[in-house]
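Protein chains in written order, with the working numbering: chain A, 658 to 772; chain B, 9 to 117.
You may find that some hints are simply not true.
Far from chain B, some chain A residues (derived; all Cβ distances over 12 Å) [said to hold, decoys possible]: (1) R672; (2) V676; (3) S684; (4) H686; (5) S744; (6) G760.
Lysine-lysine pairs mimicking DSBU-like chemistry, simulated, CA-CA at most 35 Å apart [stated by the list, open to error]: (7) K87(B) to K109(B); (8) K10(B) to K87(B); (9) K735(A) to K109(B); (10) K50(B) to K109(B); (11) K671(A) to K10(B); (12) K668(A) to K10(B); (13) K87(B) to K53(B); (14) K668(A) to K50(B); (15) K10(B) to K714(A); (16) K668(A) to K714(A); (17) K714(A) to K50(B); (18) K668(A) to K735(A); (19) K99(B) to K109(B); (20) K87(B) to K50(B); (21) K714(A) to K109(B); (22) K87(B) to K99(B); (23) K735(A) to K87(B); (24) K671(A) to K87(B); (25) K109(B) to K671(A); (26) K109(B) to K668(A); (27) K735(A) to K50(B); (28) K714(A) to K99(B); (29) K50(B) to K99(B); (30) K668(A) to K53(B); (31) K53(B) to K735(A); (32) K671(A) to K714(A); (33) K714(A) to K53(B); (34) K99(B) to K668(A); (35) K53(B) to K99(B); (36) K10(B) to K50(B); (37) K99(B) to K735(A); (38) K671(A) to K50(B); (39) K10(B) to K109(B); (40) K109(B) to K53(B).
The set of hints was computed from the structure by calculation and includes no laboratory data. Positions of the beta carbon are idealized from the N, C-alpha and C atoms, including for glycine.
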Amino acid sequence: GAGVSQSPRYKVAKRGQDVALRCDPISGHVSLFWYQQALGQGPEFLTYFQNEAQLDKSGLPSDRFFAERPEGSVSTLKIQRTQQEDSAVYLCASSLAGEGAVGYTFGSGTRLTVV
Amino acid sequence: RKEVEQDPGPFNVPEGATVAFNCTYSNSASQSFFWYRQDCRKEPKLLMSVYSSGNEDGRFTAQLNRASQYISLLIRDSKLSDSATYLCVVKRPGYALNFGKGTSLLVTP
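Kindly produce the complete structure, drawing on both the sequences and the hints.
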């Protein structure tokens with residue numbers, strides 16, 4: 658597609674439930690990033706993939722968060738045993754070049770609400 | 009302390025006004041600098057890169073002072089459509105972009 662596609666757009670989860678968020682980057686984009694944006698805050702880096710390799714996962718807040726990109730295209734961010742503090746918008750971005758150059762394109766995000 | 013600090017505002021200005029946003033960053037090894045714009049409930053979009061020599065794009069002027077670790081954005085002749093949150097963004101060595109909290113701008117008729 659023309660842009661970065663994320664699904665679902667909205668997700669309501671009960672506390673303790675597992676969720677999976679999907680990102681379909683722009684075709685051919687090598688780099689893929691996940692960010693978490695809490696209400697009233699700027700996006701916070703979670704993790705980075707270069708093709709299928711997860712080169713940086715330093716931003717993942719706990720071991721309940723897991724991301725994968727097995728074939729170097731679509732990526733999934735999984736959150737296990739969701740907590741209320743996980744409520745946020747999860748943004749995916751992709752770019753052609755490695756190392757997060759200018760040219761990021763963000764998806765519209767998945768708004769997760771944990772109740 | 010966050011790596012990128014911005015005044016959250018809100019800044020309420022009348023149409024036609026000039027408004028300036030400031031931002032400071034703490035990591036002196038930071039490599040690249042940007043301003044992003046984010047409309048309500050939308051994703052961030054790149055507004056402009058910021059260079060030490062200063063750069064201009066129409067009504068928007070961005071400036072970087074590496075010695076003071078300070079970045080600015082000036083908007084001249086504000087339009088209603090400029091109403092948004094402006095995010096100061098810094099890239100340090102590695103992969104991540106570091107975003108400030110954003111400064112909210114409301115341009116009123």
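Here's how the hints hold up against the structure:
1. Against chain B, the non-interface label of R672(A) holds: every CB pair exceeds 12 Å, the least being about 24 Å.
2. With a least CB separation of 20 Å from chain B, V676(A) remains clear of the 12 Å interface cut-off, as annotated.
3. Consistency note on S684(A): stated as away from chain B, and its beta-carbon is indeed over 12 Å from all of that chain's, at 19 Å minimum.
4. Every beta carbon of chain B lies more than 12 Å from that of H686(A), the smallest distance being close to 14 Å; the non-interface claim holds.
5. Every CB of chain B is more than 12 Å from the CB of S744(A) (nearest about 15 Å), matching its label as outside the interface.
6. With 12 Å as the threshold on Cβ separation, the claim that G760(A) sits away from chain B is violated: the shortest Cβ distance comes to roughly 8 Å.
7. Under the criterion of a C-alpha separation no larger than 35 Å, the hint pairing K87(B) with K109(B) is consistent with the structure, at around 23 Å.
8. Restraint check: the Cα-Cα separation between K10(B) and K87(B) comes to about 31 Å, which is no more than 35 Å; the hinted pair holds.
9. Taken as a hint, the K735(A) and K109(B) pair is honoured in the structure, with Cα atoms around 25 Å apart against an allowance of 35 Å.
10. Only pairs whose Cα atoms come within 35 Å are accepted, and K50(B) paired with K109(B) is accepted, the gap being roughly 15 Å.
11. Distance restraint check for K671(A) and K10(B): the Cα-Cα separation of roughly 31 Å lies within the 35 Å cut-off, and the hinted pair is therefore satisfied.
12. Under the criterion of a C-alpha separation no larger than 35 Å, the hint pairing K668(A) with K10(B) is consistent with the structure, at around 29 Å.
13. At roughly 18 Å between alpha-carbon atoms, K87(B) and K53(B) fall within 35 Å of each other, so this suggested pair holds.
14. A distance of roughly 16 Å separates the Cα atoms of K668(A) and K50(B); the hinted pair therefore holds under the 35 Å criterion.
15. Annotation: proposed proximity of K10(B) to K714(A) holds, straight-line Cα distance about 19 Å (limit 35 Å).
16. Under the criterion of a C-alpha separation no larger than 35 Å, the hint pairing K668(A) with K714(A) is consistent with the structure, at around 23 Å.
17. The suggested pairing of K714(A) with K50(B) holds, with an alpha-carbon distance near 25 Å, which does not exceed 35 Å.
18. For the given pair, K668(A) sits about 13 Å from K735(A) by alpha-carbon distance, which is consistent with the 35 Å threshold.
19. Simply put, K99(B) and K109(B) have alpha-carbon atoms about 15 Å apart, close enough for the 35 Å limit, and the pair holds.
20. Distance check on the hinted pair: K87(B) and K50(B) sit about 19 Å apart at the alpha-carbon level, within 35 Å; holds.
21. Annotation: proposed proximity of K714(A) to K109(B) holds, straight-line Cα distance about 22 Å (limit 35 Å).
22. Annotation: proposed proximity of K87(B) to K99(B) holds, straight-line Cα distance about 29 Å (limit 35 Å).
23. For the suggested pair K735(A) and K87(B), the alpha carbons sit about 41 Å apart, so the restraint of at most 35 Å is broken.
24. Restraint check: the Cα-Cα separation between K671(A) and K87(B) comes to about 42 Å, which exceeds 35 Å; the hinted pair is violated.
25. Restraint check for K109(B) and K671(A): satisfied, since their Cα atoms lie roughly 28 Å apart, inside the 35 Å limit.
26. Taking the CA atoms of K109(B) and K668(A), the gap is near 24 Å; set against the 35 Å cutoff, the hint holds.
27. For the proposed pair K735(A) and K50(B), the alpha carbon gap of about 22 Å is at most 35 Å, so the pair holds.
28. Taking the CA atoms of K714(A) and K99(B), the gap is about 16 Å. The hint holds against a cut of 35 Å.
29. Among the hinted pairs, K50(B) with K99(B) is consistent with the structure: their alpha-carbon atoms are about 22 Å apart, no more than 35 Å.
30. For the hint linking K668(A) to K53(B), the alpha-carbon distance of about 23 Å falls within 35 Å, and the restraint holds.
31. Proximity of K53(B) to K735(A) is assessed by CA-CA distance (about 25 Å); at most 35 Å being required, the pair is judged to hold.
32. Simply put, K671(A) and K714(A) have alpha-carbon atoms about 26 Å apart, close enough for the 35 Å limit, and the pair holds.
33. Our distance criterion of 35 Å between C-alpha atoms is met by K714(A) and K53(B), whose separation comes to about 23 Å.
34. Using a Cα cut-off of 35 Å, the hinted pair K99(B) and K668(A) holds, with the two alpha carbons roughly 30 Å apart.
35. Note on K53(B) and K99(B): the hinted pairing holds, with a Cα-Cα distance of about 16 Å set against a maximum of 35 Å.
36. Between K10(B) and K50(B) the alpha-carbon distance is near 23 Å, which keeps this suggested pair within the 35 Å criterion.
37. At most 35 Å may separate the alpha-carbon atoms for a hinted pair to count; K99(B) and K735(A) meet this at roughly 26 Å.
38. Pair hint K671(A) plus K50(B) holds up; C-alpha atoms about 25 Å apart against a cutoff of 35 Å.
39. A threshold of 35 Å between alpha carbons decides the hint, and for K10(B) with K109(B) the separation of about 9 Å falls inside it, so the pair holds.
40. In summary, the hint linking K109(B) to K53(B) is supported, as the alpha carbons are separated by about 15 Å, within the 35 Å threshold.
Of the numbered hints given earlier, the model fails hints 6, 23 and 24; all others are met.
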